[in-house]
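S.K.: So the chains spell out like this:
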Amino acid sequence: MSPIIQGMLTIVIGVGGCIGYFWASNMVLDKVIFPAQSKNPGRNINRANMVRPWLFLFPAMFALGLYLVYPVIGSFWRSLFNRSGDEFIALGNYSALAQDPTFRTAFFNNFMWMLVVPAASTFFGLLVAQLTDRLKWGNIAKSLIFMPMAISFVGASLIWRFMYANNPDIGLINAIRFAMGATDALDVLQLQFWNNFFLMVILIWIQTGFAMVILSGALRGIPEETIEAAIIDGANPFQIFFKIKVPQIMGTIVVVWTTITILVLKVFDIVYTMTGGNFGTEILPSYMMSYMFRDDGRATAVAFVIMIIVLPVMIWNIRQARAEMK
Amino acid sequence: MDNIAGTKSSLNWAVQISVILLVIIWLIPTVGLLVSSFRDRDAITNSGWWLSALPVEQNFAVKAEGEPVSRDGVNVLEGNVFGEGSGTVSKFGGRRAAPDAFTPGEVADLSRDRSLVVQENGDYVYTSPTEISRAPTVYFASAQPAEFSMVNYETIMGSANMDRAFINTLTVTIPATIIPILIAAFAAYALAWMEFPGRGLLIAMVVGLLVVPLQLALVPMLKLHNAMGVGQSFLGIWMAHTGFGLPLAIYLLRNYMVGLPRDIIESAKVDGATDFQVFTKIVLPLSFPALASFAIFQFLWTWNDLLVAKVFLPSNSESWVMTVKIADDLLGSRGGDWGILAAAAFISIAVPLIVFFTMQRYLVRGLLAGSVK
Amino acid sequence: MTNQFFTGVAALALMSTTALADGHLPFAPGEGAFSWDSYTAFADANDFAGQTVEITGPWTGNEKEKFDAVVAYFTEATGAAVNYSGSDSFEQDIVVSTRAGSAPNLAVFPQPGLAADLASQGLLTPLPEGTDDWIASNFAAGPSWVDLGTYADADGNDQTFGMFYRVDLKSLVWYSPDAFDEAGYEIPETMEDLKALTDEIVAAGETPWCIGLGSGAATGWPATDWVEDMMLRTNSPADYDAWVANEMKFDDPKVIAAIEEFGAFARNDDYVDGGASAVANTDFRDSPTGLFAIPPKCYMHRQASFIPAFFPEGTVVGEDADFFYFPAYAEKDLGKPVLGAGTLFAITSPSDATTAFLEFLKLPIAHEAWMAQGGFLTAHGGVNLETYIDDSLRAQGAILQNATTFRFDASDLMPAEIGAGAFWTGMVDYTTGKSAADVAKAIQERWDALN
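Residue numbers (the working numbering), protein chains in the order written: chain A, -4 to 321; chain B, 477 to 849; chain C, 2 to 452.
In isolation and in its complexed conformation, chain A is listed as follows (with noise of 0.2 Å):
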């Protein structure tokens, strides 16, 4: 069978097969198990609505149960064995991380990342979504923007190279320096600390354009009453946007900065491809690519190192959830 066919085959099945499965369950749910024509129509609404939930979470649940969640299980009892997988020991794993002092530079680096990138990235998200909001040609510019989003890591890291690069000839940064009486190329990646800010521009500089999709969104969610209202009451543009608009999407700006925050500790392939983790640039997820396949055990040590970093801002995303929910 050919694959376009197949595709759209499965497409039809796919989608179909869902909207199938949601329809039909709430059918034998609504009418078969819990009829609300029946001796007792508010008890069964009742049981019917505690059950509901669980049809419309079921295939997500599975799927990530699956996909996720069953994989993340394996990998915490792989770390707790050696190399070879054949010993087990216990959390030898992670304490040889304590004391590799190539962990703790990965450590504190992507603590660095984690503080920068996420707020760069928002904060030009915002204003890009903020500017281009009533801009005649604001689709344009933010298309532009949004541009470096679409552009895989890979082809990324070559066009900083060419920014970066060592060689006047080819790196636009030293042939400015040059153009400015300089006589000795400087190679930003290897610049001790500072290269690290170098290499968070890149991933400032493909983010914004997530960050401002998605902000963008949701400042054209603010109902105009509101805005109306306020210039009506003498507002100037800049108490609009702080005072009105952006306590209205606080929400989004917190799942805006959660989702890069979270990037930043999975994407390895900028480290990876400029510096390859040398110069002291390693962050944990390129830090964890360079066991994966090789120490599974202390690759995985690191992933569960990983998501316990991540649990302030799974703390966090529930206080703001339940905060929502009232």
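Among the hints, a few may not be true.
[What the hints assert, rightly or not] In the DSS-like style, the derived pairs of lysine-lysine whose C-alpha atoms are separated by at most 27 Å in a straight line are: (1) A:K261 <-> B:K699; (2) B:K745 <-> A:K34; (3) A:K26 <-> B:K757; (4) C:K250 <-> C:K442; (5) B:K757 <-> B:K745; (6) B:K567 <-> C:K298; (7) C:K442 <-> C:K255; (8) C:K196 <-> C:K435; (9) A:K26 <-> B:K745; (10) C:K435 <-> C:K255; (11) C:K250 <-> C:K435; (12) B:K539 <-> C:K298; (13) C:K250 <-> C:K333; (14) C:K196 <-> C:K298.
[As the list claims (entries may be wrong)] Anything over 12 Å on all C-beta distances counts as not near chain B; from chain A, calculated: (15) N35; (16) R78; (17) A85; (18) G275.
The hints are simulated quantities; they were obtained by calculation from the structure and are not laboratory data. Ideal placement from N, C-alpha and C gives every residue a C-beta, glycine not left out.
Once you have looked at the hints, place chains B and C on chain A.
M.R.: Quick look at chains B and C alone, frame taken from chain A:
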């Protein structure tokens, strides 16, 4: 209506200028990539892309081939450095280390009493008191017009099975975009608007699963697919992308849905609508912007994905998607062809950008008009 | 462009590409200097029509095309189809697919270290009985190739898993004959001469070396080759072997001295193009282009036999570029040590046709068919050297076969965490200013932590 920009035109200008500045800053790297995609690897490593549009003075080496003739007791070799073509010599030299030591017309005295004259039009005369056994090399500098070509694009588009790879990519991405959205939308609604015990925990779990590195799941899942008889196939990769894309889909959609006005949903429920009806008739249409933006991202990831495609699809060339085709076939071993890489990046950008433009129409205001949160 | 192609590449290679497009064999059986007799005998004895051999390996693009052409002879002889797929991330793919149970029949490993890892997990099948004896008696320096392919299986018993096919020669220095000729430089015969030449070039106001260690995630590996070559030129082969096995510690004074020998070149601002600070991050693929710049950015580049693939388009090896053997110290009397590396075939999922394919790899034709396409060296003693595509490759083949000491790339033999990890990053740290002793100590600590 255009209240912010309309009331203050100076502010309007400030906005326009800042947006232009931001766009330019964001574009510089991309333009570099675009320009590089029209150049070959040698040009990319020799001069900056920002200079590529200007004619550049380049140094050349040409072997002075031909029959030396004996004239007045010296051996003479004549010819033109441009061969059949034409050009202008701005400097010349007889040694690789000093290719631009002399101006055209000047007589360059070389080692061993040899001499060389190159004219502006490229004619050269090389003389030697002794026999010329090995063809000497003439070095010269000449301004070369900017050279751009579509060769990189032709290499990619013209390579065998590229059409197949393109179709395969679409076959992977479209179901892998639509199915997770659908599943996630139901789950997101349940997590946003239905009361049941354990909801907070589930939300936390979704956030936690966002951070799970894909690599952890590759081996166990491929094992499972093999055990189920799915093996390496399109079905397998759709399932894998669905599983891996769900946490973000649920997370984004739930957060959007929870922001929908409570009174609309509650009044519908009071009117006797079931959750299923509320979801399909009210929440789904209102969530269109969120669905559209997630669709853009999921499409992007599956489109640019290399890892999942390599693990869950068979490795024969009939099932290659574009990323695999480019990485494993076109870039070649040890992948150093920057021009191809740049062109590939631009080819793969095209479709996602079209998707972005199409989807952007749905990211409109006004869906909630008439309701106040 | 076509013109350059015609003049640049020997007609044989051209023939192969055009012939391949038609789905035929690039070199007609029975013609040329190829060893057809053993091939015909093999064809008569084997018939596996309808079977398929799945192979994955690191060769992609151009190299895949060449290997496909070799494979065509197997298909022609036995009727079995071969499906070779190359992957840029082979090391990761093969681990995933063998563990998940969707392994191909054969895998082509770029380093023995990874193969040994998989063998110890029981994911490889030993080669058929007697293959080790065959390699020992038919390869130049045969027993050492057997040792390189012998690893402990899941139960800890040593078995031969790997058969080498395609060798890279590492101890080469590339240069531009034109540049050398015009400046009057002589090819150095000894390390002392090489160092004198280096100083002579500096005295002439030029830069002698191009060194680039950049390679993305693998940044640093070219430096490990330098250090290994220096180990072989300052210490006995026995010391080298002890170092590989970590019986001689990484922070042994001998190893530190070898690292510093490398540093004498790479950490001298006058010696390297762009200064010492450019070494660590210059891409190894871009580094050799300095040889061909006008004026030259450097005069010498030490790199393995594969590097001409990254020379500027149209560069003809033998005319525009050539190599000399990275010489040994005259005073140390350690002979002419040669450093090399190679890819090996191992069975990941056995079948009859797979066994036949390994038999096919024993035939000279399996090597000659690639030798004639270029970019291929072999340790197989039975091949006809005339089938090498050009003199340059033939000369490299001769270096390989005449080496008094041949040693395999140490970093490929060390555990992956060291040879493809700590050693790489350590070398980057060293070129960017850390002391050799500190770097060596850190690498040894990583090694100690492994067990």
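S.K.: Indicate, hint by hint, whether the structure satisfies it.
M.R.: Going through the hints against the structure:
This hinted pair checks out: A:K261 and B:K699 have alpha carbons roughly 24 Å apart, not beyond 27 Å. Distance restraint check for B:K745 and A:K34: the Cα-Cα separation of roughly 22 Å lies within the 27 Å cut-off, and the hinted pair is therefore satisfied. Taken as a hint, the A:K26 and B:K757 pair is honoured in the structure, with Cα atoms around 20 Å apart against an allowance of 27 Å. With a CA separation close to 9 Å, the supplied pair C:K250 and C:K442 stays within the 27 Å bound.
Of the supplied pair hints, the one linking B:K757 and B:K745 holds, its CA atoms being roughly 12 Å apart against a limit of 27 Å. As the CA atoms of B:K567 and C:K298 are separated by approximately 19 Å, the hinted pair is consistent with the 27 Å bound. At most 27 Å may separate the alpha-carbon atoms for a hinted pair to count; C:K442 and C:K255 meet this at roughly 13 Å. For the hint pairing C:K196 with C:K435, the CA-to-CA distance comes to about 23 Å; that is within 27 Å, so the pair holds.
As the CA atoms of A:K26 and B:K745 are separated by approximately 18 Å, the hinted pair is consistent with the 27 Å bound. Proposed proximity of C:K435 and C:K255 is supported: the alpha carbons are some 18 Å apart, at most 27 Å. A threshold of 27 Å between alpha carbons decides the hint, and for C:K250 with C:K435 the separation of about 19 Å falls inside it, so the pair holds. Taking the CA atoms of B:K539 and C:K298, the gap is near 20 Å; set against the 27 Å cutoff, the hint holds.
For the hint pairing C:K250 with C:K333, the CA-to-CA distance comes to about 22 Å; that is within 27 Å, so the pair holds. Of the supplied pair hints, the one linking C:K196 and C:K298 holds, its CA atoms being roughly 18 Å apart against a limit of 27 Å. With a least beta-carbon separation of about 18 Å from chain B, A:N35 lies farther than 12 Å from that chain, consistent with its non-interface assignment. Every CB of chain B lies more than 12 Å from the CB of A:R78, the least distance being 16 Å, so the non-interface label holds.
The claim that A:A85 is not at the interface with chain B holds, since no C-beta of that chain comes within 12 Å of its own (minimum 20 Å). For A:G275, the condition that its CB be more than 12 Å from all CB atoms of chain B holds, with the nearest at approximately 23 Å.
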